[in-house]
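Top line first, the protein sequences correspond to chains D and Y.
So for the first sequence, my numbering puts the first residue at 1; every next one is plus one.
So for the second sequence, my numbering puts the first residue at 1; every next one is plus one.
Treat the hints as calculated values from the structure; they're not laboratory data.
Using N, Cα and C, we set each Cβ at its ideal position, and we do this for glycine too.
Some hints here could point you the wrong way.
[Stated by the list, open to error] Short derived list, chain D residues pointing at chain Y, Cβ under 10 Å: (1) Lys-92; (2) Tyr-159; (3) Asn-191.
Listed below, chain by chain, are the residues.
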Amino acid sequence: MKKLKSRIAIALAGMVIAGAAHAGNITVTGSDTLVILAQKWAEVYMGKHPEVKIQVSGGGSGVGFAALQKQSTDIADASRPIKPAEKAECVKAFGKVPTEYKVAVDGLSVYVNDSNPVKELTEAQLADIFTGKTTNWKDVGGKDMPITVYSRENSSGTYEFFKEHVLKGKDFMAGAQTMPGTAAVVQAIANDAKGIGYGGAAYGGGVKSLAVKKDEQSPAVLPTEETVLNHTYPIWRYLYNYVNPAVDKGEVAAYLKWIRSDEGQQVTKEFYYPLPADLRAK
Amino acid sequence: MATTADHDKLNARRSIGWKGMQRGHRTHPLEWIAEKGILLVSLSAIVMVFLIFLFVAREALPVFTGQLNTASGQKVIPVADMEKLSPAELEAYLGLTPEQDAKMDADTKRTLMEVKLEELKEASTDKDTRVNTASWRYFLRPFQWTGYNKPVYIWQPVSDIQKYNIVPLLIGSLKATLVALLFSVPLALGAAIYVSQLAHPRAREWLKPGIELLAGIPSVVLGFFALIVMASVLQSVFHYQSRLNAFVAGIALGLAIIPVIFSIAEDALTSVPRSYTQAALALGSSKWQAAWKIVLPAAIPGVFAAVVLGFGRAIGETMVVLMASGNASIVSWNIFDSTRTMTATIAAEMAEAVVGGPHYRILFMLGTVLFVVTFVSNLVAGLVIMRLKSKLEGKR
Numbered sequence: 001m002k003k004l005k006s007r008i009a010i011a012l013a014g015m016v017i018a019g020a021a022h023a024g025n026i027t028v029t030g031s032d033t034l035v036i037l038a039q040k041w042a043e044v045y046m047g048k049h050p051e052v053k054i055q056v057s058g059g060g061s062g063v064g065f066a067a068l069q070k071q072s073t074d075i076a077d078a079s080r081p082i083k084p085a086e087k088a089e090c091v092k093a094f095g096k097v098p099t100e101y102k103v104a105v106d107g108l109s110v111y112v113n114d115s116n117p118v119k120e121l122t123e124a125q126l127a128d129i130f131t132g133k134t135t136n137w138k139d140v141g142g143k144d145m146p147i148t149v150y151s152r153e154n155s156s157g158t159y160e161f162f163k164e165h166v167l168k169g170k171d172f173m174a175g176a177q178t179m180p181g182t183a184a185v186v187q188a189i190a191n192d193a194k195g196i197g198y199g200g201a202a203y204g205g206g207v208k209s210l211a212v213k214k215d216e217q218s219p220a221v222l223p224t225e226e227t228v229l230n231h232t233y234p235i236w237r238y239l240y241n242y243v244n245p246a247v248d249k250g251e252v253a254a255y256l257k258w259i260r261s262d263e264g265q266q267v268t269k270e271f272y273y274p275l276p277a278d279l280r281a282k
Numbered sequence: 001m002a003t004t005a006d007h008d009k010l011n012a013r014r015s016i017g018w019k020g021m022q023r024g025h026r027t028h029p030l031e032w033i034a035e036k037g038i039l040l041v042s043l044s045a046i047v048m049v050f051l052i053f054l055f056v057a058r059e060a061l062p063v064f065t066g067q068l069n070t071a072s073g074q075k076v077i078p079v080a081d082m083e084k085l086s087p088a089e090l091e092a093y094l095g096l097t098p099e100q101d102a103k104m105d106a107d108t109k110r111t112l113m114e115v116k117l118e119e120l121k122e123a124s125t126d127k128d129t130r131v132n133t134a135s136w137r138y139f140l141r142p143f144q145w146t147g148y149n150k151p152v153y154i155w156q157p158v159s160d161i162q163k164y165n166i167v168p169l170l171i172g173s174l175k176a177t178l179v180a181l182l183f184s185v186p187l188a189l190g191a192a193i194y195v196s197q198l199a200h201p202r203a204r205e206w207l208k209p210g211i212e213l214l215a216g217i218p219s220v221v222l223g224f225f226a227l228i229v230m231a232s233v234l235q236s237v238f239h240y241q242s243r244l245n246a247f248v249a250g251i252a253l254g255l256a257i258i259p260v261i262f263s264i265a266e267d268a269l270t271s272v273p274r275s276y277t278q279a280a281l282a283l284g285s286s287k288w289q290a291a292w293k294i295v296l297p298a299a300i301p302g303v304f305a306a307v308v309l310g311f312g313r314a315i316g317e318t319m320v321v322l323m324a325s326g327n328a329s330i331v332s333w334n335i336f337d338s339t340r341t342m343t344a345t346i347a348a349e350m351a352e353a354v355v356g357g358p359h360y361r362i363l364f365m366l367g368t369v370l371f372v373v374t375f376v377s378n379l380v381a382g383l384v385i386m387r388l389k390s391k392l393e394g395k396r
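The following block holds chain Y by itself, in its conformation from the complex (with noise of 0.2 Å):
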């Protein structure tokens, strides 16, 4: 005979699927319609980022797939002879779909040609302007441009030829996180250890708060200070020569990505069971050899997710490194020179550039290699927490 107990495990079974509409929520179709709606809320922003990856990718496509040409040689065709050129040779010399044609009269085809003439006569005479500089080529390897006395990485995207080199932009992404990481994983790893396992259960209780009250500073006022206070002082401090570089803009970044770090490495720690710690203070240790030498490697999961984690923030924030790292594209590993972010480029460049040109194009580009890059590191992050969350509630 099924008693109360079993009757309700079977109906809170039941209520779960399209079924429960049938046995537990007859009475409350409400309650059914209400879980729906929650469900179809997550699911939504689970679609929202596949919709903006799909976005940011179908932009950029063409640059992966090699279709964009910026080289130029058109011959100019003199606006007397437009009665000479056949429809198609019109429409692609003037850039036209054959819908544009149809729809124009004489009168404007022949402002067309006017403008083009004007265009061509403005154009460049250098003997880059029949090289495809958004091709990969151009891209990822140095190339001697006229006027330079060797090959060189540059990112100068306006200009009568324009130059899409992006190791300038990855090398200095990388470094200012490098230095971020540098400068934040010790002070948020050794503030996490303490807090969690050395402090006094009351200094606890205000000191977490405290830390994380850093995540609360806009990004933008933290970039603001590094380039009116911090740049100056830093520069008395280490007198070098770049006022705004890689250093102070990593160093802002680092306090950035602190609660990042923080909370989720002090969560980590803080999951270890007691019973370890307890454990090596029964047989003789001090608090420090127990939380550096038997809790640490125990949450090393957790902490290696945090820095992941702050990895991926520092990697994606424009703000700090908009204002702070002077924004100079060149390819050095010197710390203490500027450099410029993808993040940067695009946060600048983007009111400019064309919609659907090469440049509008290449940034969308850098915008996937960020979206992709974070992406990653989030997953990567958030997989190792699972698993360290499930081995520690004994499921594994």
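For reference, chain D alone in the conformation it holds in the complex (with noise of 0.2 Å):
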């Protein structure tokens, strides 16, 4: 017994001194749009460099800047930008600015079911269906049928962006059903004849996205990578990530450079859109 007990102790030890030495532990959390993207990079850094481990955790983005502000996580993912009230808390906390890093761009669709004849609407028409001003179908040219609109809950970083960009700061309808994430939206609408959503890459079959046009004149425009990435699809946005200024040197500053350089984008592609050359690190 006593030699066993020996034996446990010197395990132990060595379990707690090997931790210690071990280095290259970088925490990273926040969106949830971001999380299985971060994770996708976290593991393919750790294949091409075993000694660094990367945490990946999700929870929202306002979750990842309050982690920041706290400084229990190293990167801070976000599907918006920091707000000035989240910049001035990380300045009382640590006495600067988080850096700010683009690492992806998104575009978001707007999902109508399948049978729906409506193939493309203007921002305007949008936005007055989704503040609740137009209720049928017909009076965007589709079928007589009213409109069940399909949103995202209120802390969720789409849902902000969409509020903010194609209302104008407007309030969404009363009526609009809340989901707790896009698959939800894609999965609601394909049992919906009548529904309309947003959210970002679809993963489902019964829905088809609409062609959005910025104006009555202006082309009517489809979700791709072309069409995002040189902006003239309407509704995109970037991915961010931000770090503390004072933390962003050594194995942080090498993986936050992996992931903006050419074999960090490849990773990008499986999800969302990859950077712009010119915003890449060479």
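Join these two chains into a complex; the hints should help.
Below is the structure:
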């Protein structure tokens, strides 16, 4: 028994020393939009650099900024730019404004059911539908049936982005049904011929993306890699990584550089649209 | 002369309380420790309930005392004028405490001034920014915001003008719970009457555990089932507009509370003395007449307690309504419209609410309301069951 106890003690001591000596631990937290991509980046990077350990978690863009401010994370993922109030909290906490890096481009699609004859809408018509001014599909060139609006929960960065850029700050209609994720929106619209909703790249059948026109005279554009990257598709946004400037060196800086390099952007292609060449790290 | 029986009774009484250490437990100190340990554990459960309530109420206190203020309207101060402000004015403008101000150097304060400038430039020019939206007038009464053509009840916290009216949420919770009760009470009571009064004893053996199996379904699985299967089936039968609505959520909630109501009601009906039924049967009534006209009225307190417990459970249920109710915060008593309940609101919005901000505190206020409602309903049910038990055991 004595021999066993001393062996266990030595093993535990060994693990503690090994843990303490093991540098290269990077924590990444934040946006749920980015979490799957962030996990893929971490996986590929750790495959190439086995001495580095990267922990990725989600929770929402706001959660990422809160963690950045408390200095409990190295990198904060965000699907929206940092708000001035959050910037102020970071300055109060560690004296500097966090450095912003753009890491991917995302285009938001507007989804309707496959059976819906409507193929294109202007941004103004979209705003009217989602704020509740237009309530019947026949007012926008479709069949005579009421419109069911599907939105996201207000904790989502996608919700805030859509509200700011398409609705221009106006409220969503009270009757908009809120779903917990893009996949839920797609599933709901696939089962509802009168539905319309928005979200990132879709993973489901039964729905189609609408072509969006900036105004009456512009051409109607479908979201593809080309149209999102050259911004002819009007509903697009960057996805960001934020980091405390004091932490942005050594392992963390190397990882951030890798994400924005050509290698990292190859991984981005699976989920979102990669950064244009002029924004990439050399 | 005291017999051993008297002596044992005396010792048994004295082993309760601190004096027990001196008398009956002198030879068994470990037992005394075990007794006190179990007492502490049971007390800690009660203490836990109070601590949870205290924490939730403490986070929500500023809402109840009216200390929240979302009205903005600060004037912009250019960065170059930073030196001209007194320390108190600077702290008020930047939102700093005196300790934070003392620790900062001039460069950091300049950065903060620039960030504040950015924040105020981005702020809305809407006339409603001067309104304190986190006050009880705006929580409960309708208001005509900019861009609306009549006073409305709006819950939209993430917005330039944060709107915190809780009336749609209260109505949503009540609607879903009412549908759940309307669906489950007849079914559960009917099952309870059948199982306790009318069924063959051998059928009772597998019926009772079978119905209580429903309690073993996790609520998230029920919600998922309602979202994928029940919503489509019910829409093809009733042909209403919204696929996810209070009706679907209510039926799923009803399935979740049937075992709760069934267990307690069945216990209440079985506790009615057999002599009542036997007397009724002896006088020539059928089994059904005895059950409906004699036993059920006798067991009404217990049945009422069961329904109240079911109500408490339904109003506090989160996953089912989060997935199956559509979460649209509208004020409407039509059960075929989407609803947003208080529980789903807390679950969905807590992740992004800035800690300590008005949105966060109002979510905690909703939590306090829910806590009080479920606590009171469980308390009422518990008291009624206690009275019922003592009445039937002949102590009253």
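Hints and how they fare:
| no. | hint | in the structure |
| --- | --- | --- |
| 1 | Lys-92 | 6 Å, holds |
| 2 | Tyr-159 | 7 Å, holds |
| 3 | Asn-191 | 6 Å, holds |
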